Amino acid sequence: MMEKKDYYKKKTETKNSQFIPHSSSWSLPSSSQLSRVPARNMLSPVLWHFLWAQVPPSQLVFLSQEPFISLRLTLQQENRIGFVFILNTDDEVDGRNDAGVALWRAFNYISEERSVSEAFISIVHGMDKNAFEKKYNTVGVNIFRTHQLFCQDVLKLRPGEMSIVSNGKVLGKIINMRVTLFMNCKSQLSEAPLESFYRFVLEPELMSGDNDRPFLGPVAKFLDIPESPLLTLNLITPEGWLVDTVHSSCDLDNIHLKDIERSVTAEYELEYLLLEGHCLDPMTKQSPRGLQFTLGTKNKPVMVDTIVMANFGYFQLKANPGAWILKLRQGKCEDIYQIIGHEGTDSPSDIEDVIVVLNSFNSKIIEVEVQKKPDKMNEDILTDSDGKKGMWESIKSFTRKLHKDDDKKEKEVLNIFSVASGHLYERFLRIMMLSVLRNTKTPVKFWFLKNYLSPSFKEVIPHMAKEYGFQYELVQYKWPHWLHQQTEKQRIIWGYKILFLDVLFPLAVDKIIFVDADQIVRHDLKELRDFDLGGAPYGFTPFCDSRTEMDGYRFWKKGYWASHLAGRKYHISALYVVDFKKFRRIAAGDRLRGRYQALSQDPNSLSNLDQDLPNDMIYQVAIKSLPQDWLWCETWCDDESKQRAKTIDLCNNPKTKEPKLEAAARIIPEWVEYDAEIRQLLDHLENEKKSTSKLLSLP
1 MMEKKDYYKK KTETKNSQFI PHSSSWSLPS SSQLSRVPAR NMLSPVLWHF
51 LWAQVPPSQL VFLSQEPFIS LRLTLQQENR IGFVFILNTD DEVDGRNDAG
101 VALWRAFNYI SEERSVSEAF ISIVHGMDKN AFEKKYNTVG VNIFRTHQLF
151 CQDVLKLRPG EMSIVSNGKV LGKIINMRVT LFMNCKSQLS EAPLESFYRF
201 VLEPELMSGD NDRPFLGPVA KFLDIPESPL LTLNLITPEG WLVDTVHSSC
251 DLDNIHLKDI ERSVTAEYEL EYLLLEGHCL DPMTKQSPRG LQFTLGTKNK
301 PVMVDTIVMA NFGYFQLKAN PGAWILKLRQ GKCEDIYQII GHEGTDSPSD
351 IEDVIVVLNS FNSKIIEVEV QKKPDKMNED ILTDSDGKKG MWESIKSFTR
401 KLHKDDDKKE KEVLNIFSVA SGHLYERFLR IMMLSVLRNT KTPVKFWFLK
451 NYLSPSFKEV IPHMAKEYGF QYELVQYKWP HWLHQQTEKQ RIIWGYKILF
501 LDVLFPLAVD KIIFVDADQI VRHDLKELRD FDLGGAPYGF TPFCDSRTEM
551 DGYRFWKKGY WASHLAGRKY HISALYVVDF KKFRRIAAGD RLRGRYQALS
601 QDPNSLSNLD QDLPNDMIYQ VAIKSLPQDW LWCETWCDDE SKQRAKTIDL
651 CNNPKTKEPK LEAAARIIPE WVEYDAEIRQ LLDHLENEKK STSKLLSLP
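Just so you know, we're using full-length UniProt numbering here: the sequence shown kicks off at 1 and counts up by one.
One should not assume that every hint holds.
To be verified - What follows is a set of in silico ranges between Cβ atoms, one per label pair, in the way DEER data are often shown: (1) K300 with N362: 41 to 49 Å; (2) D353 with V475: 38 to 46 Å; (3) L189 with G552: 31 to 39 Å; (4) K458 with F361: 17 to 25 Å.
Claimed, not checked - List of simulated lysine to aspartate or glutamate pairs, EDC-like, C-alpha gap at most 16 Å: (5) K318 with D244; (6) K285 with E227; (7) K557 with D616; (8) K569 with D530; (9) K511 with D532; (10) K478 with E239; (11) K298 with D281; (12) K318 with E369; (13) K642 with E670; (14) K372 with E334; (15) K526 with D545; (16) K450 with D616; (17) K327 with E352; (18) K373 with E412; (19) K582 with D530.
Calculated from the structure, these hints are not laboratory results. Predicted model only: the values in this text are computed from it and were never measured. Just so you know, even glycine gets a beta-carbon here, dropped at the ideal spot from N, CA and C.
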């Protein structure tokens, strides 16, 4: 649970750790009760817990100048535990600083390889597996391997991140010990030292209830949490999991405990396991950019599909436990390429049929080698050869064979993409949807990023679809572990808006229009879908210049942006249209991710991630400037131009800081009408739900 603040505008002052000599007595790291804590989110120590070894009792070691916790451990006979604290460090513990040297010496002592630095690579990247397993993996449980996988493959610890490892109830059955805790606290604090609160949910074995009834599952309880801050509840999961919120008693994005009489409850479920992979053409030593894979079963060969990124040849597909068949997509991909080898799969590597069995909750990462067929060496799946259908026409042709009756309808569908998180923005989103539907006669399909939608929105959306006659689909994608992570939810959502457009949607989707949740549409978006982008992969609306009193706030008119754009427009990301055929053909997604990876290392870059990135890449990934009428915003556009507005966006006003609900009712008359209509529908659904519950409760 985390206090909602902009951590990207803060700097954490750090101090070098100090190594205090002690008797050289150490033991194995344990993997129990780990949680990943980004350094900027929490002033908290890194605690590493070392588990039993046949050595003399270890002494407590502090690796910070101001340790605020000390522990005294009384252990039975041969069970020995040592603790290390690293307090508030942004440094990578890699042997180049005092803390790293201390840990390096300790681990080398254990492995009896004191002169070999490989014995301790770093906390971030894991430790030397062979040196430790060879001597200490003898207790029947693979503790070191589990620790290594959690730190390296599951938690993905990187410099500046912190971990907490404690024995808790998981090892409580194994270790019989008494712990005495001393707190060394400051007498006065100017602000609460913790902005984030963490609980780890881990059960050592499957539990069952009374009379063999299913156990409700492990539970994380947050007690005595401060009531005044505005909090948000997040879940940190292993990389290979897609977890969904299935129930919540309130808005988990905006938890104000002092306004809530009852407890806040939330229920999550593991919805999918990810199949991840890397694809390489050994002849060219490069990733086959644009190659597509399908995943399915013998009876249903195509259940999900994806495109191979140029970035590390990475791909991901969502699946569930069971046996799956991975294939090249029928059409141009299968015509040009063939699979020549694979590793990490469950079929012989020399057989082209790739069978993958998901039979554990660990990440499943495979490697696939492909090669062009001898007579296709000069062909490229991303370019259209003379007299032949291109890749995207091939995809559409294959899709039409599967859905012949729906082909004409699908061609006419308006695909609208939007994102929202929290009940307020979901309220805006429903109103935006209604405004789209009221201004077009074309069939509409809405696409929503599922990752952050509330259970209440997902419960209502099928009823809205039935009431207003639209289609919808929830899409999701797991942020790749190799791509620099964002930690603040709003910035993560911004990333999903722009970084994964090429892989987020089914490959048969030709064009999509993104519309911000807090936007009102006054014109037929079919006109925007059919707008000629002039060869550009996407089109954005430039920021207005007509409201002159806001000139002082136009950051793009000075400094870096003025120099970089050199007279070109700075575009707003509240509305844009994407031509996926062009976007994928020029590998725009790969280019955007590559540039993001470079810029995102600096917390002062990409302040408006979804906006700054495409504007920064304007010379590598061209932007078609849409006519100004397509987006009107009171903050930047003058009153006279409002009458021509095809959409109205509720931009934040840095001058007045007016709340969006107040601005919506004041600026857009029809917004109030749409809101009342949606409210009436929601009340009707709620009354129906209550009536059904009463009937079911009758004897």
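Hint check results:
1. K300 with N362: 41 to 49 Å: Taking Cβ atoms as reference, K300 and N362 lie about 25 Å apart, which means the hint is violated.
2. D353 with V475: 38 to 46 Å: violated, 28 Å
3. L189 with G552: 31 to 39 Å: Given about 37 Å between the Cβ atoms, the range holds.
4. K458 with F361: 17 to 25 Å: With Cβ atoms ~24 Å apart, the hint holds.
5. K318 with D244: holds, 13 Å
6. K285 with E227: Violated. K285 to E227 sits at ~56 Å, over the 16 Å cutoff.
7. K557 with D616: holds, 14 Å
8. K569 with D530: violated, 22 Å
9. K511 with D532: holds, 12 Å
10. K478 with E239: With Cα atoms ~8 Å apart, K478 and E239 stay inside 16 Å; holds.
11. K298 with D281: violated, 27 Å
12. K318 with E369: With a Cα-Cα distance of about 21 Å, the restraint between K318 and E369 is violated, given a limit of 16 Å.
13. K642 with E670: holds, 14 Å
14. K372 with E334: Distance of about 10 Å is within 16 Å: holds.
15. K526 with D545: violated, 27 Å
16. K450 with D616: violated, 28 Å
17. K327 with E352: Holds. K327 to E352 sits at ~9 Å (cutoff 16 Å).
18. K373 with E412: Outside the cut-off at roughly 37 Å; violated.
19. K582 with D530: Roughly 14 Å between the alpha carbons, so the hint for K582 and D530 holds.
Consistency note: the structure conflicts with the earlier hints numbered 1, 2, 6, 8, 11, 12, 15, 16 and 18.
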